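Trainee: If you want the building blocks of each chain, they are given just below.
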Amino acid sequence: MLVTWKYRLRDTFIQRLDPRTRLIFLFSIIFALTIPEIWDLRIILPIFAISLTLYFMARIEWKDVKRGWAFILVFVIFIVGINGVLSGRGGPSSVTNIESPILFYVPVLDWFGWMVPITVSKLWFALNQIIRMLTMAILAIPIPYTMDPNIYGTAFKRMGASDNVSFTMDLAFRFLPTFARDFTITVDAQRARGYEMESLKGGLVERIRRLSPLIIPVVMQSTVTGEEVIDAMDLRAFGTSKRTWIKTLTYAPRDYFMLGLGAAIFISCCVLKWGFGIGGFFVPDFFTNLFV
Amino acid sequence: MNDKSTWEFGTRQVVYGAIGAALYGVFSWATNIFPLPAAGNVTFRPAVAVLIFFASAYGPWVGLLAGFIGNTLGDALSGWGFYWHWSLGNGLMGLVAGLVMASIKDFRARGDIMKAVGYGVAGIAVGMLFASLTEMFMGGIDLNTALFGYFTPAFLGNTVVTVILLPVLMIAFAAVASRRGR
Numbered sequence: 001m002l003v004t005w006k007y008r009l010r011d012t013f014i015q016r017l018d019p020r021t022r023l024i025f026l027f028s029i030i031f032a033l034t035i036p037e038i039w040d041l042r043i044i045l046p047i048f049a050i051s052l053t054l055y056f057m058a059r060i061e062w063k064d065v066k067r068g069w070a071f072i073l074v075f076v077i078f079i080v081g082i083n084g085v086l087s088g089r090g091g092p093s094s095v096t097n098i099e100s101p102i103l104f105y106v107p108v109l110d111w112f113g114w115m116v117p118i119t120v121s122k123l124w125f126a127l128n129q130i131i132r133m134l135t136m137a138i139l140a141i142p143i144p145y146t147m148d149p150n151i152y153g154t155a156f157k158r159m160g161a162s163d164n165v166s167f168t169m170d171l172a173f174r175f176l177p178t179f180a181r182d183f184t185i186t187v188d189a190q191r192a193r194g195y196e197m198e199s200l201k202g203g204l205v206e207r208i209r210r211l212s213p214l215i216i217p218v219v220m221q222s223t224v225t226g227e228e229v230i231d232a233m234d235l236r237a238f239g240t241s242k243r244t245w246i247k248t249l250t251y252a253p254r255d256y257f258m259l260g261l262g263a264a265i266f267i268s269c270c271v272l273k274w275g276f277g278i279g280g281f282f283v284p285d286f287f288t289n290l291f292v
Numbered sequence: 293m294n295d296k297s298t299w300e301f302g303t304r305q306v307v308y309g310a311i312g313a314a315l316y317g318v319f320s321w322a323t324n325i326f327p328l329p330a331a332g333n334v335t336f337r338p339a340v341a342v343l344i345f346f347a348s349a350y351g352p353w354v355g356l357l358a359g360f361i362g363n364t365l366g367d368a369l370s371g372w373g374f375y376w377h378w379s380l381g382n383g384l385m386g387l388v389a390g391l392v393m394a395s396i397k398d399f400r401a402r403g404d405i406m407k408a409v410g411y412g413v414a415g416i417a418v419g420m421l422f423a424s425l426t427e428m429f430m431g432g433i434d435l436n437t438a439l440f441g442y443f444t445p446a447f448l449g450n451t452v453v454t455v456i457l458l459p460v461l462m463i464a465f466a467a468v469a470s471r472r473g474r
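Residue numbers (this note's numbering), protein chains in the order written: chain P, 1 to 292; chain V, 293 to 474.
No wet-lab data here; the hints were simulated from the structure. Source: prediction; values computed, not measured. A virtual CB, placed ideally from N, CA and C, is assigned to each residue, including glycine. Any given hint could be a false lead.
Computed footprint of chain V on chain P, listed as stretches where at least three residues anywhere in the stretch have a Cβ under 8 angstroms from a Cβ of chain V [as the list claims (entries may be wrong)]:
no., region
1, 40-53
2, 129-141
3, 217-226
4, 231-240
5, 257-267
All chains, full assembly: derive it from the sequences and hints.
Mentor: Okay, structure coming up:
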């Protein structure tokens, strides 16, 4: 068992971007879709295409990312998508308010005779919802694979976080391999004493309680380590004046391009929705005609 | 045992915030590797008890940072991406749990342990409610799904783990702290 970062150095456009640019662009897309409440696939699809292009430009191997994708797809399709088809709630009220042909009924609580109508409108809404969520997830998934863990602290500092917050982040990334190693050693030591990790027996409470021999030694040792680190930092006068950071970040022309693109998408969505009334939920005729 | 200034944010908070975050990340990742069997979509994350413990012992800033950064680390290690609202929800969970710090006198005392568990459960409720409700704006899910599909499983799983493991962690910490003398 070895804790390894998903990050690998790849010579790609995405990795050459400043980490701040990537985080700001991610938030631009999230805000563009959520603040003006965009539910129009004509607007969502082009943004989805941009997200997908950036995802493929990151050149992440499928074997690396398939676990993350499985998690996202189960989440989006089963929890969100099926809920959208059944209830049609969560988005604009027009999904359930507009007149829409009923395709079939789903018996949810058969004993009580509760039959949920599945309409064309709900089906279109679920499709919208899935693509809308994937647009945001596709930008979030590559971050652990393509952003150097050592740069998070500097990136947050340069985005306006305080020295203390940024240093906490930086320090956490440095501590992680140490504690992961301590955890591995503890697991091995407990196994040598007969601890059966793969077959935790007993009821739920007992199973959770039996994790204590793995958790307690690592946590308690870390509190002791913490005191030593505090002493070392205090001796070096941490926090008495403004810090300087070894790693520096500078925006390149490609960063300005991406920041401009993010801003343009956000502003366009706001203008289309609030200025021209485009971007709300509606069911296109071609989709209705597919079923009726 | 600790400086009781609840909202102080100095070297101690920076270091223990980082340690809490790293441990939260490691244990979250380990839970993904060795998942505890549970019913439905309820998952049990022992890492949450560690987060609540750090918040109770070192205060709300440590809880906030350990929760926010720790969840980001756990997601990064598991390769799931970066979901700011769940990270912030985990941070809020630690922040609220950390409010108990000033009132804890003895980590072995039953009353103090009960208080820490109580604040911990309140923190879980606030943090998971924030994350679940934010999902309504992010994913366009309805209130029922947010409450019953997201909040309830997360709240139940985290509460069970906290109620069982937090007292064990607090008693162990009391022994370590008394040996260390600070």
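Trainee: Tell me if chain V covers the region 217-226 of chain P under the three-residue, 8 angstroms CB rule, please?
Mentor: holds (count 8)
Trainee: Please verify the coverage claim for the region 257-267 of chain P: does it have three or more residues whose C-beta sits within 8 angstroms of some C-beta in chain V?
Mentor: violated (count 0)
Trainee: Are there three or more residues in the region 129-141 of chain P whose C-beta lies closer than 8 angstroms to some C-beta of chain V?
Mentor: Check passed, 7 qualifying residues.
Trainee: Quick one: see if chain V covers the region 231-240 of chain P, three-plus residues with Cβ-Cβ under 8 angstroms.
Mentor: Our answer is that it holds, as 4 residues pass the Cβ test (under 8 angstroms) against chain V, meeting three.
Trainee: Three residues or more, CB to CB closer than 8 angstroms: is that satisfied between the region 40-53 of chain P and chain V?
Mentor: Since 0 is below three, the answer is violated.
Hints 1 and 5 from the list above are not met by this structure, while the remaining hints are.
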